[in-house]
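Engineer: The primary structure of each chain is shown beneath.
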Amino acid sequence: MEILRCEDLCKTYGEKDTCVKALDHVSFSVEKGEFVSIVGPSGSGKSTLLHILGGVDKPTSGKVLIGGTDIHALKEDKLAIFRRRQIGLIYQFYNLLPVLNVDENIVLPHLLDGRAMDKERLDKIVGEMGLSDRRNNLPSQLSGGQQQRVSIGRALFNHPAIVLADEPTGNLDRKNGAEIIHLLKESNRSQKQTLILITHDESIALQADRMICMEDGKITKDERIRVMGGDVQ
Amino acid sequence: MNIKLKSGRLPENANEVVLSDAVMADGASITVGDIIESEYFTRSITGINKNREDTIFPLYNIVLKYGETVEVPQDFPYYEENDSFRENKDYSGKKQKLTVVGIIEAPYYEKIASAAYTAITMLDGNGITAHDKFNLSVKVNMEKYSLASQSAFQDIVGEREIVYNDYVFAFSGKSSDSTINILVIALTVFFVVLIMFVSVFLIYNVFNMSFDERSRYLGMLSSIGATGRQKKSSIYYEAFYLLVFALPAGILSGLGIVKLGMMAIQPFIGEMMSLSQYIEGSSAMLIISWKAIVAIVVVSTITVLISAYFPARKVGKIGSIECIRGNIKKKTKQYKTNKSITKHGSAEKMLAGNTLKRQSKKTRSITAASVTFIVIVIVAAFGSSVIEKVVEKKLDNEDVKPNVEKWDYSFSMADRKENESIRQEIRQAEGIAETAEWYYGAYGATVPKDCYSKEYWEDVHEIYNNYYQELYNRKLSDKEFNEIISDEIHHICFIGLDAKTLKEVAKATGTDIQTLENTDQPAAIVVQEGAVSTDQIGMENIKLKRSRFYDVKQMTDKKIGESLPVELYSEKEDKISSFPIQIAGYAVNKQIDKFISIRSGDLYVFVSADIAKQISKLTQYQDGTSMMVPIIYIKTEGENVEIIDRLQNLSEMGREYLFMKADYTNTLRNAIIGIVHVLLICFVLLTSVICMLNMFNSIRSRVDGKAREFAIMESIGMTKKQMAKMLLYESVGIVIKSILYAGFVAFPLMYMIQYGMIKMFGTVTMEFPWIQMIVAILFTILAVVGLTKYSFKKEKYENIMERIRNENV
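Protein chains in written order, with numbering that gives the first Met the number 0: chain X, 0 to 232; chain R, 0 to 808.
If you are wondering where the hints come from, they were derived from the structure by calculation, not from laboratory data. Among the hints, a few may not be true.
To be verified - Within a straight-line C-alpha distance of at most 27 angstroms, the following computed BS3-like cross-link-like pairs (lysine-lysine) qualify: (1) R:K724 to X:K118; (2) R:K589 to R:K660; (3) X:K57 to R:K720; (4) X:K77 to R:K724; (5) X:K31 to X:K184.
Let the sequences and hints guide you as you build the complete structure.
Structural biologist: Listed below in structure tokens is the structure:
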């Protein structure tokens with residue numbers, strides 16, 4: 000079942016002589032529960048693509064349909080509501096709120112939706128992320144790996160339709176990086192959580208069901224590595 | 000001389016003259032350059048009607064009999080030929096040709112009904128003989144003038160009288176009254192210290208803010224080898240350049256603002272200080288003294304250096320990595336989640352609350368600006384009311400003051416039948432809007448000592464203590480005090496009200512009107528508020544260095560229904576009559592200030608007009624008048640009411656009459672209070688603008704600084720509405736915090752002011768400035784919420800990712 004489809008996405012920065020095409024007519028779709036890795040050299044447009052998919056950046060032209068909804072046709076506030084319910088974003092630099100502790104950062108999208116805190120789910124996520132002894136710490140009191148786990152917890156808390164991770168291990172050492180990928184894969188497998196992940200690391204990219212290669216804003220290769228959740232083809 | 004030249008010039012010798020334009024208004028055709036001949040005479044009138052016993056001029060206190068000749072004053076009106084009297088002119092024989100060199104506006108002292116006009120010539124020193132009498136006005140150099148100058152002047156003039164213009168001297172703290180001088184100096188110090196404190200605080204705030212903003216930049220500098228000293232120097236250089244440009248700009252704009260302010264208030268200054276008849280046109284000048292400029296430069300430099308010192312010290316101490324990472328003071332404390340907020344799903348409340356609790360430093364500058372603003376308004380209002388009270392105490396020598404809004408003038412006269420015709424005339428005169436006829440009676444009635452309260456006697460004891468301290472360096476024992484006061488006569492003063500006013504006063508004080516109107520059983524309303532001071536109670540001609548005032552809240556401890564055993568003395572019969580008066584109610588000034596306010600060292604009571612008449616009969620003097628003096632309060636329909644001039648003349652001529660402007664006690668008082676108010680308003684406006692700019696700066700940079708956080712919030716699904724709501728919660732939190740801090744600062748400050756004033760001037764009851772406090776708080780709420788909303792709206796929110804990335808670079 001198709002969960003995401005993008006059609007003819009273009010994104011340009013600047014004008015005339017300084018015009019840079021970050022995305023050049025990109026189209027693809029993703030099935031529900033699929034784990035897709037996007038790889039490519041710096042400046043190939045992969046982060047731009049991910050941000051447009053996540054609704055935090057706007058395409059110059061083209062459409063992004065998530066669960067059939069054209070997200071860029073939504074008004075600002077509607078799009079924000081859509082993001083907190085359907086999209087989980089994970090950034091390279093974690094982007095946690097400095098005034099909130101671990102629990103509060105994780106539960107924030109849920110509270111933004113006006114819902115009371117789901118204590119059971121919070122305990123489960125905090126446990127899964129290995130943050131049980133850090134629940135009352137502020138982000139500044141955590142290591143990079145711990146901050147990224149909080150960021151993942153926040154992205155997963157609302158059971159989003161799709162999780163988008165922008166180089167989640169780019170700022171971490173190998174051990175912490177491996178743990179983060181393990182957590183994401185675990186969530187993808189156990190929850191059938193659709194996951195799109197950007198990485199520079201080929202070994203991580205190869206753990207996905209499908210790998211999309213990008214260069215100069217275009218998809219140069221879209222390769223299925225394994226059947227969804229299965230073995231390498 | 001308070002004259003205004005309309006054309007020509009002022010006289011330069013004794014043969015030149017300026018004339019009032021009333022001459023031309025009344026039909027004469029005289030122009031500048033004309034020569035007029037003057038003859039000198041005295042005016043008198045002679046009774047010519049055999050059939051008329053007396054020709055009475057009540058307003059001039061003249062009773063003219065047939066054949067009698069009476070000299071009349073200069074402003075006695077010109078009457079046409081009539082059957083009652085003849086006007087005589089007794090020429091001195093002296094004639095003089097005078098050249099009209101100028102025309103002046105009719106001066107305020109030229110009476111409308113007067114038969115003469117004002118002509119002013121110049122008195123040149125050559126013609127003066129030793130027997131001539133004249134007034135000499137001397138203008139002193141205020142910079143060199145001191146109180147020591149007064150004795151030097153007195154040495155020059157010997158026994159002749161010197162009248163000092165305390166209106167002018169008071170504003171420089173050089174008047175002949177030491178209390179006023181201390182007050183003016185205290186006022187100056189108060190405002191200068193307050194403005195310096197505010198400036199240091201706010202400039203420090205700005206430096207601190209800019210330090211927070213640039214911590215990463217400073218860290219970079221540090222990482223490439225800048226020493227702590229160099230970093231400190233960068234702050235000092237910044238402060239120096241700030242001074243180089245800001246100081247001249249500040250001085251020029253300050254002078255400009257003062258000039259504009261002066262121009263704006265110039266037309267109202269006379270009215271504001273109740274001196275409109277003396278102040279005309281552009282009498283105030285902006286004088287720039289080099290001493291003042293040097294003082295501004297020195298004070299500003301000190302202020303800026305102090306403000307820069309603390310951030311500079313902080314900058315010098317911090318390390319590079321902490322700066323770059325932005326965790327100069329890394330928190331180690333753990334923060335628990337507020338269950339009640341998360342339970343109810345309010346993300347906005349949680350974010351706002353945690354920001355205020357966990358990032359209090361970032362809101363500190365906004366809180367500081369808000370606290371400063373609230374404190375300034377409260378303290379300035381309190382300080383001004385304290386000064387107002389002290390000025391009032393010191394300068395209001397009158398026990399009884401009519402409400403100047405309700406009445407324009409008062410006219411009192413001896414209680415004689417003949418004076419009924421004047422009362423009648425006043426009532427029926429043109430231009431009179433309203434009158435009220437009361438009775439006043441003071442110092443002819445006594446009560447026992449115990450009619451005065453314990454509080455009253457304690458305050459009087461304190462007054463004596465002040466004198467004893469000065470004389471014998473000790474306080475007066477209770478025994479000594481009781482001996483002193485046992486010899487004293489304890490007065491009671493009466494105010495007999497007309498029926499209408501009595502009813503209103505009874506209603507305002509909750510007193511039974513029937514009890515008051517009962518003529519068989521005299522009853523009264525007792526005024527409970529009073530005051531005693533060293534100005535009223537003296538001892539052995541000792542002049543204390545400073546006046547002391549004591550407010551009395553309860554003048555009598557006697558209860559309603561109890562009787563005051565009043566004794567009335569009749570000089571005519573040399574007899575003391577017992578006249579017990581029942582207390583029907585109590586009054587405080589708030590209840591009666593619509594008509595009158597009373598703050599006296601004597602017990603005052605209100606009685607009905609009928610009771611006043613009874614008292615009048617029992618307190619007659621030898622000449623047929625009595626202690627009870629009829630007084631008419633007058634409200635006119637406008638200016639230039641003829642009878643007012645005549646009443647004034649009558650008052651000047653006869654000692655049985657007293658005509659006064661209702662606000663006559665207000666002149667110097669209003670002048671000083673007016674200046675205090677102008678200073679206060681300017682001060683509060685100025686500091687408010689500084690605080691508002693500071694607040695705006697703080698809020699703007701805070702909202703700017705939160706751009707990344709806003710972007711993160713948006714990226715995880717927070718709507719603009721939710722952000723605005725979160726900011727509103729934050730603003731409310733900041734305001735609540737500011738109010739609490741302001742309370743902690745303002746209350747001790749007010750206590751200190753009050754304590755200082757009590758130490759200096761005595762027990763002066765001061766009111767808490769509730770209204771100003773509420774206004775300041777409302778204004779702070781509006782400013783913080785409004786400026787936050789404005790700053791949030793001004794933020795550009797086009798691309799979430801760009802904002803997140805910008806901060807990462």
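Engineer: Next step is simple, just say for each hint if it's right about the structure.
Structural biologist: Here is how each hint holds up against the structure:
In summary, the hint linking K724 (chain R) to K118 (chain X) is supported, as the alpha carbons are separated by about 25 angstroms, within the 27 angstroms threshold. Proximity of K589 (chain R) to K660 (chain R) is assessed by CA-CA distance (about 22 angstroms); at most 27 angstroms being required, the pair is judged to hold. With a CA separation close to 21 angstroms, the supplied pair K57 (chain X) and K720 (chain R) stays within the 27 angstroms bound. Restraint check: the Cα-Cα separation between K77 (chain X) and K724 (chain R) comes to about 17 angstroms, which is no more than 27 angstroms; the hinted pair holds.
With a CA separation close to 14 angstroms, the supplied pair K31 (chain X) and K184 (chain X) stays within the 27 angstroms bound.
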